[in-house]
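2 protein chains.
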Amino acid sequence: MAKRLLSKSFGEVVRARRSELELTQELLAERAGVHPTYIGMVERGERNCSLDVASEIAEALDAPLSKLIEEAEARNRKSAGASTKKGRPS
Amino acid sequence: MAKRLLSKSFGEVVRARRSELELTQELLAERAGVHPTYIGMVERGERNCSLDVASEIAEALDAPLSKLIEEAEARNRKSAGASTKKGRPS
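Here the protein sequences come in this chain order: S and F.
In terms of my numbering, the first sequence opens at residue 2 and continues consecutively.
In terms of my numbering, the second sequence opens at residue 2 and continues consecutively.
Among the clues, some could well be false.
FRET-style restraints, in silico, Cβ to Cβ [unchecked claim]: (1) Gly-82/S to Leu-28/F: 38 to 46 Å; (2) Gly-41/F to Leu-28/S: 35 to 43 Å; (3) Glu-27/F to Glu-23/S: 30 to 38 Å; (4) Leu-22/F to Ala-81/S: 20 to 28 Å; (5) Arg-32/F to Ala-83/S: 21 to 29 Å; (6) Glu-31/S to Ala-75/F: 22 to 30 Å; (7) Ser-20/S to Glu-21/F: 18 to 26 Å; (8) Pro-37/F to Ala-17/S: 18 to 26 Å; (9) Glu-31/S to Glu-23/F: 39 to 47 Å; (10) Glu-31/S to Arg-78/F: 37 to 45 Å; (11) Thr-25/S to Met-42/F: 35 to 43 Å; (12) Glu-23/S to Glu-23/F: 47 to 55 Å; (13) Ser-80/S to Arg-32/F: 28 to 36 Å; (14) Ala-83/F to Glu-31/S: 38 to 46 Å.
These aren't lab readings, by the way, just hints derived from the structure by calculation.
C-beta: ideal position from N, C-alpha, C; glycine also.
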């Protein structure tokens, strides 16, 4: 079974949370100590970041990493449920 | 302030959970699709693994990654509390 990667959902959660806080990618990057390009890649699921970087990003989003991962897992489960009926989402 | 890295506590949580399940590093590695040496490095906090690898390890430990991260965060908070009084633990 093709499995949706957690990093993909994590990126979506980061983007959603950043929008909620009305932060730009630049400001989030500055807070987390990473390059703005990196944040864009994480949000698009193109970058499977390390636990320690993910933790810095979470802190910059004022959320525990465990909470963001929990949301990402929920998205993955939802996606897995959908793919049972309609195949793997693109 | 010197901050304890999440990857360090995550490694301790992985080791504790693996012992609880009475799994060897070899068996956990096989289940997670990584090299046994890699598991040893993660457990000792020498390896800051990616979200997707951490997720595979969590799955091999029959636990959601969010739960393992939550435990690691709790260990980090405890460690931060201790270091307020006694300096950074080695």
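Each hint tested on the structure:
At roughly 30 Å, the beta carbons of Gly-82/S and Leu-28/F sit outside the given window of 38 to 46 Å. Range check, Gly-41/F to Leu-28/S: about 39 Å between beta-carbon atoms, so the 35 to 43 Å window is met. Between Glu-27/F and Glu-23/S the beta carbon distance is about 48 Å. The supplied range of 30 to 38 Å is therefore violated. In this structure the supplied range 20 to 28 Å holds for Leu-22/F paired with Ala-81/S, their Cβ-Cβ distance being about 24 Å.
About 27 Å separates the C-beta atoms of Arg-32/F and Ala-83/S, a value consistent with the hinted range of 21 to 29 Å. Under the hint 22 to 30 Å, the C-beta atoms of Glu-31/S and Ala-75/F, about 28 Å apart, fit the expected range. Separated by about 39 Å at the C-beta atoms, Ser-20/S and Glu-21/F break the suggested range of 18 to 26 Å. As the Cβ distance of Pro-37/F to Ala-17/S is approximately 37 Å, the hint placing it in 18 to 26 Å is violated.
At about 46 Å, the CB distance of Glu-31/S to Glu-23/F agrees with the hint of 39 to 47 Å. Taken as a hint, the range 37 to 45 Å is violated for the pair Glu-31/S and Arg-78/F, whose Cβ atoms sit roughly 25 Å apart. Between Thr-25/S and Met-42/F the Cβ separation comes to about 36 Å, which falls inside the hinted range of 35 to 43 Å. Range check, Glu-23/S to Glu-23/F: about 49 Å between beta-carbon atoms, so the 47 to 55 Å window is met.
At roughly 23 Å, the beta carbons of Ser-80/S and Arg-32/F sit outside the given window of 28 to 36 Å. Distance hint check: the CB atoms of Ala-83/F and Glu-31/S are about 30 Å apart, inconsistent with the given range 38 to 46 Å.
Hint check: violations occur at hints 1, 3, 7, 8, 10, 13 and 14; the rest are consistent with the structure.
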